[in-house]
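S.K.: Sequence:
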Amino acid sequence: MKTETFHIIGPVNAQATERASASLKAIPGVHEVSFLDAPARLFAHVDDKATTRPQLVSALAEAGVLVEEKPSPHANGSCCGGCGS
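To convert a position in the sequence shown, counted from 1, into this note's numbering, add 20.
Incorrect hints may appear among the rest.
Stated by the list, open to error - List of simulated lysine-lysine pairs, DSBU-like, C-alpha gap at most 30 Å:
#1 K45 x K69
#2 K45 x K22
#3 K69 x K22
Claimed, not checked - Across the chosen pairs, the derived CB separations fall in these ranges:
#4 D68 x N33: 29 to 39 Å
#5 P31 x K69: 27 to 37 Å
#6 A34 x K69: 30 to 40 Å
#7 Q35 x R61: 30 to 40 Å
#8 G30 x F63: 28 to 38 Å
#9 E88 x H65: 15 to 25 Å
#10 T23 x S78: 13 to 23 Å
The hints are simulated quantities; they were obtained by calculation from the structure and are not laboratory data.
Quick reminder that beta carbons are idealized off the backbone N, C-alpha and C, glycines included.
Construct the complete structure from the given sequences, taking the supplied hints into account.
M.R.: Here it is in structure tokens:
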């Protein structure tokens, strides 16, 4: 299992987060979805080979949540502490 982190572009209301969460959870291999407000981020816990990041980005866009498509430099879970994020 891995965690995909998405940085949300622009403000998102509660209805959009609910739609996005339901859309992602409908994809086989997505186990858990959570949102953070500041900075606006979304975390999806997925099976390693069940789905791809572009599939998740597409589902989010269809739900009205736009995200940066490039993965975070910390996508693999490591952090050197150098960038302060």
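S.K.: Now tell me if each hint is right for this structure.
M.R.: Evaluated hints:
no. : hint                  : in the structure
1   : K45 x K69             : holds, 16 Å
2   : K45 x K22             : holds, 15 Å
3   : K69 x K22             : holds, 9 Å
4   : D68 x N33: 29 to 39 Å : holds, 32 Å
5   : P31 x K69: 27 to 37 Å : holds, 34 Å
6   : A34 x K69: 30 to 40 Å : holds, 32 Å
7   : Q35 x R61: 30 to 40 Å : violated, 18 Å
8   : G30 x F63: 28 to 38 Å : violated, 18 Å
9   : E88 x H65: 15 to 25 Å : holds, 19 Å
10  : T23 x S78: 13 to 23 Å : holds, 19 Å
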